[in-house]
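Since each chain sits alone in its own frame, please combine them into the complex, following the hints.
Which chain is which? The protein sequence lines are A and B, in order.
Note that this note's numbering has the first sequence beginning at 1, numbered continuously upward.
Note that this note's numbering has the second sequence beginning at 1, numbered continuously upward.
Please keep in mind that the hints were generated in silico from the structure rather than gathered at the bench.
Think of the CB as a built atom: it goes at the ideal place given N, C-alpha and C, for glycine as much as any other residue.
Any given hint could be a false lead.
Where chain A lies over chain B, by a calculated footprint (3+ residues, C-beta under 8 Å) [stated by the list, open to error]:
hint : segment
1    : 99–109
2    : 177–190
3    : 231–242
Partial selection, computed: residues in chain B whose CB lies under 10 Å from chain A [said to hold, decoys possible]:
hint : residue
4    : 20
5    : 152
6    : 167
7    : 217
8    : 250
9    : 498
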Amino acid sequence: MAQAQTQGYYVPHGSHWPIVGSVALFTLMIGFANLLNGASVGATLMALGAALLIVMLFGWFGTVIRESLSGMYNEQVDRSFRWGMFWFIFSEVMFFGAFFGALFYVRFFALPWLSGEGHGILTNHELWQGWQAIWPVAANGPEAIGGKYEIIDPWGVPALNTLILLSSGVTVTWAHWGLKEGKRSHLIWGLVATVALGVLFLILQLKEYMHGIHELNLTLSSGIYGSLFYMLTGFHGMHVTLGVTMLTVILIRAIKGHFRPDNHFAFEAVAWYWHFVDVVWLGLFIFVYWL
Amino acid sequence: MSSATAHEAHHEEHPSGIMRWITTTNHKDIGTLYLWFAFIMLFIGGAMALVIRAELFQPGLQFVDPQFFNSMTTMHALIMIFGAVMPAFTGLANWLIPMMIGAPDMALPRMNNWSFWILPFAFAILLSTLFMEGGAPAGGWTLYPPLTLQTGHALPFMILSIHMMGLSSIMGAINIVATILNMRAPGMTLMKMPLFVWTWLITGYLLIAVMPVLAGAVTMLLTDKFFGTSFFNAAGGGDPVMFQHIFWFFGHPEVYILILPSFGVISSIVPTFARKPLFGYSSMVYATASIAFLSFIVWAHHMFTVGMPLSGELFFMFATMLIAVPTGVKVFNWVATMWKGALTFETPMLFALGFIIMFTIGGFSGLMLAIAPADFQYHDSYFVVAHFHYVLVPGSVFAIIAAVYYWLPKWTGHMYNERLGKIHFWLSTIFVNLTFFPMHFVGLAGMPRRIPDYALQFADYNALSSIGAFGFGFSQLLFLYIVLQTVRGGAKAGDRVWEGADGLEWTLPSPPPYHSFTTPPAVR
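The following block holds chain B by itself, in its conformation from the complex (with noise of 0.2 Å):
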């Protein structure tokens, strides 16, 4: 017996310096390293988000050429969307899950690892290809053929590289959802779960269901290019469309995966700051799942000018108008959870604020998107533009911040800067309107997206564009300074942080021990 326990004592030691990183199946560790992958994938996309706005300043070329523009476009969104806020929530649900459920670790620990491991190397891959002959990928992050068949030498390598964020996204999902499924301590009901927790429950079924159906449409481009099929080249009976049935068939169901953590977050965080519990609990989970079914009937509304029979375009708009019933019963939900609610504003319910007011603003652009006669109008537009950053700007990235506030004292154990925090929220709303509410007017009067120069008239919308967007972009740069303050030090957060906070990972000391819970808590 005592032998055993010195054995298991020397096993305890955790290796020292990277290895420790490299080789870790705890579900902190991971979460921690997917959470600053995100944050500097962020910075990265972020500068190629502010070389396209430096180039968009104002009319005429300035700083790059068209080919680089383009490839800036087609990059910023590969990286921001594979790179930064995927990751980012898979880091948030690493961390908090386990602590959620009443679980010691993921379900899966050492795929755990693996599913991270790959995404730097995937993104080496694809970052890499800015240095190739014929540049980076510039045909868009939809990769439509036949244009991005016209890529150089760095074809095969984005191909491959999103294969390889495919099989860490796949992976990282079925752990979360085996963790979900398998991992409750006892009495944890599926009825009783967090909100995060089931949206990530729904979320990963997403990802498991579309990510192989990209990783299929990717190797048809590939072999096209390479191995003389005709999947996607009409004189071989082919058909380009094909291929964006095929994506968007991946692609919008992508977007609710992008969307659906976020809408966990903001119903964990709301009744805190309410300090009343969440609104209408189940219809919340019901409105989720059928988001979740939506997502997969509705994926044709992204080519509605492609040329589809009308009984498609018909389908299509009102399939997705029906989406707006759901998401709706949300927002009304969160309304109704603040009302007569002794509100308080820390920074984080203040980003769930921004969250469910600008979420909404994209909400509707979406829906005067969704009408099939009106989008030939919008197409392909900047009014397109500001609709997809609304919902992924103010939508996504302000629930990861709403997150990060609101949970970095759990995992750090000491309060962040309040005054700062609120800073940076009156800095990022005020700059992330400023860049992308413009593009609403240009776009309705026919700026065309992708496109590095334009018309004279839409020449005062841009410079304002391009100042809000520098200015949300370096704003960041506080949030970093915020984050790695309270990560060094800082005021000592109890075990609760938050009052009106209710959740088993309240429960937990703050910071909490290095196996969530090693005997499973008892839940009411």
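Next comes chain A alone, as it looks inside the complex (with noise of 0.2 Å):
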């Protein structure tokens, strides 16, 4: 096939899909910018280029599968896709770690500060006298904005949300024993499991989203809190989503046979990114629902 003669490395020659994922790309940011800008086509544009993308998504990677299954992919090639996704899962990391380090500053400096602790004296004294934040039911700001709020308890659905992910862990574990035992029934099963709890996860996250908003008066514009909030589990949310599709994609693979005990990167690296969502939830848990 469309290999060059290079001892076994694969090096494809030429793809169309790379440039139909940059059109989409760009079709769909200016959608985007111009639906935030007020303009009638923002949204068309939007779904315009949202459809194109996952043509592109559906064509490279079904061009992958097809090249991994007729056997193109040696071990070298398969280290490469393995470093590539794990350095992508660090960005990924870091992504979070960006509004982590937002909340972690906004609990350790910016509230103390705006209640008069150490340099900010003169802020809370000139600005807003008296004003103290109270973490989390008082921390949208001097001005309340988003008005009184309260938060969602812990030990409720998030508590049992944890417990959900944490098991879809155990499963997709499960599923990789039975995979590499070449035992199919017990890797489709694991699978389904996992993909059902990652969908039961979203059902209840969304549920739980809706109590907040029309219940607690929390939202994405309660101030520091609510943005903090929504802003992390959203994403989080994203991330599960993107998650359960992956898993859905594998199970669709595993159910047609693709995988072989010595040889199933794509299971591996979807098991990887599951793990990831996973601890990040356990960090959203501790630290935006508990402490």
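And the structure:
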């Protein structure tokens, strides 16, 4: 096939998927920016861009899967994919790091300073005399932006969700054992359980958002608490959605019999990603919901 | 068997015309694309710099209104950083790393294509903001809120274009790191890698670590503007200073992303023209790693005047001064490499020497800025502008130019015109100093940056700076001419090109074959 004579390392010749991806991203971004500026074409462009992006992802990954199945990838190519996935997850960790950094900065510096601690004494005296920040219930700032709100009880649905995600980490590992021992039904049911737990997590999370927004008056605009809460859990939820999607693809591929006990990097990559999402949730549960 | 061969032969034909460049997965093609893209952006960003210098030629308002002036400073910075210097280094990495480590190509060739082809679209979006209601972004490339949130229609376009640039950088960096970790020829151990490869490995790591942080920071700007969040709004419990912390947590490693590959380039060129091996190879590697580590714990030296606790000022001051140690190790090693060497002064060596001297000047002014109480005076003055232009123009840009002269014969198979190259060097060096050296004086005398007008006392030095800037800008047209001339023809270059050159890339023919090493070479 389209391979250079390079002693085994697969170097594909030309691909039109990247340029399709660039056009898709371009359309998506232009659309989103227009939408934010209130232009009516925005939503249409966004939808077009997103659709094209999905086409690109199907096409690109489809090509890679076909190449993998036809045995074009040797061990060295496999290692490139492993490094690629490892560093991608590291970049995701750093993305969440920015928001966790904001969380800690606000809790340990910004709010105490606004309350007059340390060198914030003049700010407090001149601008918001006597205001005291109380995390989490009065963390929407001296002007109480968004009004009074209540926080979500960590020991209700969030604790249940922690249990669900941790269990899904177990089921995905269980599926991996099945795969390594060549037991297909074991693999498939492990994946089904993982996907189901992921979906259950998302449903509960959505219900909890509805509860927060409609009953507790906790919204994205509830000052810094609402901002941090929804951005952190929201980005996490988006990553869970992506993870569930990838797990579903892996499930379909497992049913089609794509994986061999000694060669199944796609499965492992998604499992790594799933564990990453899991660990981020633990950080969220401890530092956003609980403490 | 024969049908399989025929099939392969069919696929070996490369699509011609524009589709070759759009669909290519070849590291040399993509390297070339990156380098030409960077060259175009250098001229666009340079034209903006000339608008700034034209306005500042005399006191008073001459050509542009203040808002547009500020758009020019903002866009000039964004274009030069993300459009010129970073893509130029990624282009060099693409061309050189597979050849230097004995690999057929990059580890992830399709993703390599995507990393490049996102860039033209991202910059199309960024440049389109010049024509938008409310003008292009004018709040400075550091995007500090609340000022940046006053940008007009351009704001979401700018932020989303930065997201695209970040995506491109992260994918490019992942590819380079995976290539270096996985594609080395047998025997090419980590401590045998050329320093250009080492510096890029560490740069790649920095990029993967901090570009997502920038993405987080600008996302918070976007949600503060459009979705009612209060990240940078004190009334809602947030803090505008927090943006500066997150931004500079990205921004300071970013500074080293812009300079570390230059260290690799200089460490390749100096030994060649000194005809001696690099002095202190392993100390160079450790110094690079130390600089990368320190880059994560010095960010707040960009914000000494923002109102930090004393402990913060002290910590960031001392941590910053520590960077002088590994950087000093590098400069001394380059000098020691030249010591008692059989030196010759071809154009790449001239640019490398210019780099060593002028980058060191920029390093020293950096030390001055690192001293917190002194920085209270220099902050946001032209002294800062002089400092970072010394490390970026006769620093990074000179290193890129040196690299182009050094490897262009390898890439094209032709020698460049040495006489014109030398003229280019002297014009660039004289004008770059004429542009930026007087800025030290006006800065110390109190001239603030990002203002289109100034007090009469600064007039003479500003006039000199403007003359220098136009001279430097037009000198680069000579560079363009030399490159084009070399691409089109010229004396045939040998495989090794420079008699003192060492490294796997010189064992390949000039120009090298389409797939660099189809069989891994033997490494001593």
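Status of each hint after checking the structure:
no.: 1; hint: 99–109; in the structure: holds (count 6)
no.: 2; hint: 177–190; in the structure: holds (count 6)
no.: 3; hint: 231–242; in the structure: holds (count 10)
no.: 4; hint: 20; in the structure: 8 Å, holds
no.: 5; hint: 152; in the structure: 9 Å, holds
no.: 6; hint: 167; in the structure: 8 Å, holds
no.: 7; hint: 217; in the structure: 6 Å, holds
no.: 8; hint: 250; in the structure: 8 Å, holds
no.: 9; hint: 498; in the structure: 28 Å, violated
Hint 9 from the earlier list is the only one contradicted by this structure; the remaining hints agree with it.
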